[in-house]
Structure formats: structure tokens, C-alpha cells
Amino acid sequence: MSDAKAVADRLVKSKRLNALLTPSKELRSALTAQAAAARPTGVLYGMPVAVKDNICTLEFTTTCGSRILEGYRSPYEATAVTKLKAAGALIAGKTNCDEFAMGSSTEHSAYGRVVHPLDKTRVPGGSSGGSAALVGAGALPAALGSETGGSVRQPASFCGVVGIKPTYGRVSRYGLVAFGSSLDQIGVLGRSVHDAARVLSVISGRDPRDATCEDRDPLRLPTVPESLQGFVIGLPREYFPTELDPAVRRACDRAVRLLRDLGAAVREVSLPHTAYAVPTYYVIAPAEASSNLARYDGVRYGPRFDGHADLRGLYRATRGQGFGAEVRRRILVGTYVLSAGFYDAYYRRAQQMRALIAQDFRNVFDRGVDLLFTPTTPSPAFKAGEKLSDPIAMYMSDIFTVTANLAGVPAISLPIGRVKGLPIGGQLIGQAFLEDEMLEAAYALERVVPATDES
Amino acid sequence: MSVSRDDVLRIAQLAELDVEEDALPDVAEQMSRILDYVAQLSAMPAPTNGTVKTFVPGPDAIHFRPDEVAPWPLAFGPAAFAPAFKEGFFVVPKLGQFE
Amino acid sequence: MAAGWEAVIGLETHLQLRTKSKMFCGCSTAFGAPPNTQVCPVCLGLPGALPVPNGAAIRLAVRGALALGCTVHPKSIFARKNYFYPDLPKGYQISQHDQPLATNGTLSFVSPERGIVNATIVRLHVEEDAGKSIHDRFPKATAVDLNRSGVPLIEIVGGPDLRSPAEARAYLQTLKQLLEYIGISDCDMEKGSLRVDANVGGSVTQQPMLYDSRENTVRPQRSKEESHDYRYFPEPDLPPLVLTPEFVAEEQSELPELPPAKRDRFAAQYALSREHATVLTASRGVAEYYENVVRAGAEHQAAANWIMTEALADAKDHQDQLRVPAAGLAQIIALVKGGTLSHQAAKRVFAEVAAKGGDPRTIAESLGLIQVADSNVVAAWVTDVLGAHAPEVGRYKNGETKLMAFFLGQVMRASKGKADPKLAQRVLEEKLASAS
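Protein chains in written order, with the working numbering: chain A, -12 to 442; chain B, 5 to 103; chain C, 273 to 708.
One or more of the hints may lead you astray.
Stated by the list, open to error - Residues on chain C that point at chain B, a partial pick, calculated with CB under 10 Å:
1. Asn308
2. Pro313
3. Leu418
Rather than coming from a laboratory, the hints here were simulated on the basis of the structure. Glycine included, every Cβ here is placed at the ideal spot set by N, Cα and C.
Make a model of the complete structure from these sequences and hints.
Quick look at the structure:
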């Protein structure tokens, strides 16, 4: 039981980050109870894993960082959580996030913004900012996050930790509160590639409760390779624009040198439709979100808000007051692009563009490229409040991550350097269901990247 | 601006969202900026080869579930989470404008 | 309908598919459970829940499409139909939109006005049902029961081929009969497993109309939402519905003989009139019953007569149950034909077997209804009667032949009704002729 206490102590010590939504007392008793019940034979026995608050758990409330689910206790738990518990892991509370995972800074939470673990004036990234901040602060070896357009990799990059987004269909979405269903995947944030990968391995695999989850065995972890001899790594030129932050560019250049030193063949490639990825994403994700969030109507669960004389009044008051500004904005945009007369110009067009973006990846992978290397984000962690008034500037911080969600391919962000103490992340993008190759390269690169020095 | 005040009201009605009267100009402005930004998609020439491909990730085909009565488990019933529940029913205000 | 104004009606029929579990989750579809007890995360629309399609529902839908002669598409797509309603838990219904399961079929029915009409079936698609809103349960509040939420339905969209409410009714009856026949739906209006909307055009406006087949009336439908902008888009939680040719072929082979073919075969094979064949094939159960009765040895027309009168009348009063087993009815028919039971007595035996079960002959015996056809026994009764009525015998012989009825009555009385009347008359005639 002392393990449970130590775990709780470390988490409680990070309270200033506002990264954990679970009250300390509740966290302590839940950890103690779980530690007593955990199976000692499980591969994650005793490992604390915090869970993003948009993933359903029985032990804790599931609010998605929203007032509309304030106090909501799910009567069932996500398949990923069940698998973690079966492997002996301890569910170490729920992490703060942008409301319904909509955001890139974890400033859009009804429960307050999350503070960057290394610089309290900055954001930890988002939307899985709570998970990234806790792992970044050393409070936990790993945490679950979720990805729709980069919500694991971008905060991992900002907080100096590892973030993996698996192939679409690798991990069950049952119990992950939907945002953009065709883009959403549960991902993992970890202190190291190995910590993240072992958690991913446990939560991956078939699930009869998710029709979009592939009928495959769980991911098998590769061993750390001696070299990357035989790997062909592509550098997509669209991911290294002239306006890229110079420090990020320097860190990437160094990482590429290290990959070459490890024996990988590196060549420049092109993903010509990259420029359309963000607009494509900001049609498809809000469209799906507008439908996915229709169920929050105050009828069956969650709080009701005042001001309803009739049913329509109940809907409008509950949804108008329950959702925050960014969520409301995306629901309105999503409703607009699906509405009569606009569907073809927006949604159908975005679907076509998505096919072209996915084809870009297939084209480079078909020509002998095994993996792509890119920066994870155009810049290190930005200041809190800096992009709040400009949604498009905020959306642009996903520019290098949304493509993997649109194409359904796996990607990992890992630390490749720092600038003025702020971490910089590099991204490896793999082929669908070849996470093992991607992880091999990440293991090798992680071993040779200097830990803290200026790039 | 591509989105008018009336557009916002029409969309808000479809989405069952209250938008405060004084917030309307701001919301219209922000929606316009976002929609103008994503409108660059329609500037791309439409694919000309006739067959327009779309892409959906995940399995190529549905796998069926057997027809068995085996409800996904609920740790507790609706009475425990419903905001208003009486005699086994969810309770909502009368339909009002819906009628 | 006003004179000179011809309605053009197209019906949209929703039918519940006969499955044990719901369309997208493992909850029961059984009717009549206490409210909100057949629910789970999926059909309650809880955050994070996902739909998983029921294979049996798809099979039944494909069978229905094939019975209607539709083209079943190798690939179709589920779509979300978005609207707010308190009994629609997700805020959208999973349905099919621009790529439905099946299109382009036909339903032939007999119009009371125009004879045989081939109505177009525009499309057939699969969807889930909503729950139930009950407006009169609580004052000032609506009660919502989600037991029905997620029950599998097919929607059959008919073309604008119907000209009158009477035609709409005939179309519906034929459709209902067909779908019950192939076993895909109970088509029970009481339980909500059959619902109909009508689109009535013909004048300038195209107002959605509601057709009530029980009252046989058409009235304008009240709009459920102010706007009908459903914002359909492909359901991202479900991969494409891909059906292999083998899957479709299997369902084709599962199709039973359909009513028109069966009617024609009955008329030919059993030498029945078209009317009788139509009645006997109106439901699959009755048709099977008829063939079982015939197979058990009953004469074709007699079996038809018995079923169309006694059996169907009895079934009508007993939830459509054919309560006398086919073998039992065949035996009753044989007892009448063999002279063992009078027709009146046989009806009594039928009613007894229907109510209590058992063997018809045993029942006939226990009720004392067996006709005595042993000429020695009958001759003994005749001898007794003639001996006891010597004056009447004398009058008969003097030409008062109408006394035969009197003698017959006395014999029946002596036999307590068991004497075979034809035999008794013959023996009386013989004895009165010979005893001079």
C-alpha cells in the first residue's frame, strides 16, 4: 500500500499545474483500493497511469473539461481503461484537458488552464495538456491522452515527453468521448519511448464494442535496435517551411544528423497536399463534433441549466451555458458546413481532400520510404493567452500533426532538444499498423539525443 | 464577412444553442474567419476524372455482431445519472414549440 | 378525395425486424418491459459509447429487399440523420441516406379501382428506432422511455404510384402479408412494429401527410422540427456495409415461396378456385396448415372448406392460433366422409378438440356422437319401433307413406341419436316392404 501512497504524494505535489482534476482525498483512496485489487502478474503491475478526462472511468468522474458534464460519473468504463486495470496498472486520476479535447493549449477547460511544468507563464499544449504536464513534471511514468489532430503529440512536444498516436483502429475508442470520430484515437504520453510503448501495447488490440477497431492482436513491442541500418527516412519538404522557428529547425537538423549516424538513409520527399490539411481538418472535425455533441441536451445525464420553460428552452440553456466558447464555435461551424446548400462546398470537398492527403502518404511509403521525420510543432510552448483571441493562429499549431490523423497513420513525438529551457519535439510518422518500425527508430533516436542541452 | 447575423441564428437554432443577442456580431465574425479560411478547399479545382474518391480510416467492411441478448454492462442505472427521473422515466419539460 | 382531384400517394413504411437484440447493441427487443430497463450505454447515447451492427438485422433486411425484387447493393453506407428530440438519445438517428442497402423493386397488389398495380419500391434501407415520448403520463412534463431506442427497422420507400387511400390500404396489406410471410417482421401495429407515413402530392404543394391505416385516413403531418435540415453525413463510427455475393445468395435461398406463386400453385395442384386459393395462402401459417391437413389424407376441397369456415373462425377468436392440429382436422374430415360423424356432430368435435385438445374419435365417442352404422344394430331398433307401433305400420301400408318420417324419428329416439339416419331409413324401407 505504500506504493499507492507514494504515487498519490507525487501527484499531489504537482497540484500547482492544475493538471489533475481528481481531488487529492479521492485520489488517495482510489489508489489504495486499486493497489489492493491489482493483479501482481500483470505486465504493468503497480504502474500509475493517469487518464485524460474524456475517457470513461468507473472510479472517477468523466467531465471532458466541460461544465455540461460537471460531476458526471460514467456507469461503464472505456475498453482501454479495462485493459490497463487487467494489466495491473493503477488508474491515477483524471487529467485536465481542453473542453471535449477541442484546443491546443489546455486553456479551454471549464476547470481552469493547465500550467506548463517548466514555465508557469506558458501553456503545456493541448488538448491532452494535463496528461503531458504531469508526465513532464515527473509525477507519473505515463498517462493516457487522446488525439484528434495532434492532441497527444503537440503537448508531448511542449512538455518534453514522448507522445504516441497509434494507427486509427489500433486502440478501441469504446469509452473515449467522441470529438471527431473518424480522427479520434486514444494515445499515450510517457516519460520515455518505452514507458509510452508498453502502455500502448496493453491498450491496443481488437474490441467487439468498437466497429472501427481492427481485428488484430495487441501491438508487440520491438527491441531497441543497435542501428537504423536499412531504414529509409523521408523528410517531407512541406514540413520545413522557411518561417519555421529557427531553434526548431536547428533541433531537427541535429536529429536528422543523428538518424544518419545511426545508419538510416535520409531523403527529401514531398507530401504535396499538406497545405490543405489544416482547412480539411477544420471542416471534418467540427462537422463530426457538431453531431457527436448533440447528445449533451440535459435530458439523460449531466446537469440542467436554468431558464427552461419548455423543452427547447432546456436544450438551449443547457447547451448554451454548458459548453464553453470554443466548443460552441466549433459546433456552429460544424453545423454550418453540414447544412443544406453548404455540404458539397465544405464537407464533401474536405472528404475528397482527405483522400488526397492519405494518398500523399501512400505514395511516399510505396516508394521505399519507411518513416517520415518532421518537427512536431512549428514552435516551442507559447505563452498563455497568446493565441486565445485568434482561433486560426491556435489551429495552426496543429499544422504538422493533423495529417497523421487525416491519413489514419501512426506517429510519435519525442524530445529532440531544448531552446531557452523549453523542449522541442521531433515527429516520426509511420505506416498504418507498422508502429513497431516507428518505435524502433524512436528507441534508437531517443538513446542518442542529448537530454537537455541547447540544440 | 461570409456569415451574417441571420446565418448565425439559423445555425444556432439547428444546433439548439443559445447565442446572446450582444454576442451575435462577434460570433458571426469568428465563424466568418474560420469559414473563409477553410473555404480555400473549394478554391482547389474539383477532381476531373469523374470518380471522386473519399477516404475513411479503419476496417474496409463492417463486422457483424451476433444477434444475442447480451447488454453492454451498466454499473448503475439511469436513475443514478439522470437529471430528472420519475417512475422509471426520464422526465423533460413539455415539448413546447415542438408540438 | 374531391372530385376531379387525383391524389398521388407514396408510402414510407417502417417495419421492425424480428431480432432478439437491438440494431447496434446487445439489449433485448422484447415488447412490454418496464420503462428504461432494456438499455445500455449504446442505446442511452452515453458519452463514449459506440454502435456495433447486428448481423441478423442485416440478413432480414436483405431478405426483405430480395422479396421485393430490389437490387441489393454490394456496398452501402450508414449515415447520421441529425435532429433534436428527447427520445432520440444521440441527437441523431443512424440510418442510410445516399447509398442505401437496396433500391428499385416492385410490389404487385390488387387495387380495388384499377386491378393489378405494380407499385415501385424506390429504396429499402436499415435504420434504428427512437425511444418513446409519453405526453400524458405526467402533468406539464413528457416522460421518455428508451427501451425502443435502437430497435432495428427497415424503411421501405414506395414510389408515388397510389391514387387513393383505398389503394394505399391494399398496398399496405400486400406489403404486410409479404413481409410476415418471409418471416422478417411481425408487422404488429399495436406494438409499433409497423408504421406508415404518406407523401401526398398531386397538387402544387408537396406536404408530408400521415396515413392512418386503421382509420384509413390521410391528414397533414405536423412538423416534428421547425426545419428539416437533417445534415446527413456518413456515420464515422461504422465502416461500409459490404455484402458478399455469397451472403446475398444465402438470403435468396432462405426466401420461401411468395404469396402469388403459392396461390397459383394451390389453385393448380389442389384444384381450388382462385378465391379459395387466395384465402388459403393469405398467411404462411394457414397455407402450411392446409397442406398439412391435405398431407394427412384429407380430401382437397373438404380441407379447404373446413379451414375457411371452422378453423379460421376459431383462429380469429383466439389470437390467430390454429388450435386443432392438422392431423386432427384430417381425422374429423375422414370421420364425416366415412359416415361415422354427422356434419353437425363433427363441428362439435372440432370445437372440443380446439378447446381441450385430444383425439377426435375418442372425443366423439365420449360425447356419444358416433353414428351407429352397424345394420344389425340398426335393424334391432327398427324391429322394436315397428313392433311398438302396429297401427301406424298398418296405415303406412295403406299408402300413408309420410309416416316414414315418424318411424325415422322413433328410431333416432330409440338409438339416442346415434343411428346413421341414411342407414336407418334404408332398413325401415326394407322392413316395411317385406313385412306384409
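Status of the hints after comparison with the structure:
no. : hint   : in the structure
1   : Asn308 : 5 Å, holds
2   : Pro313 : 5 Å, holds
3   : Leu418 : 7 Å, holds
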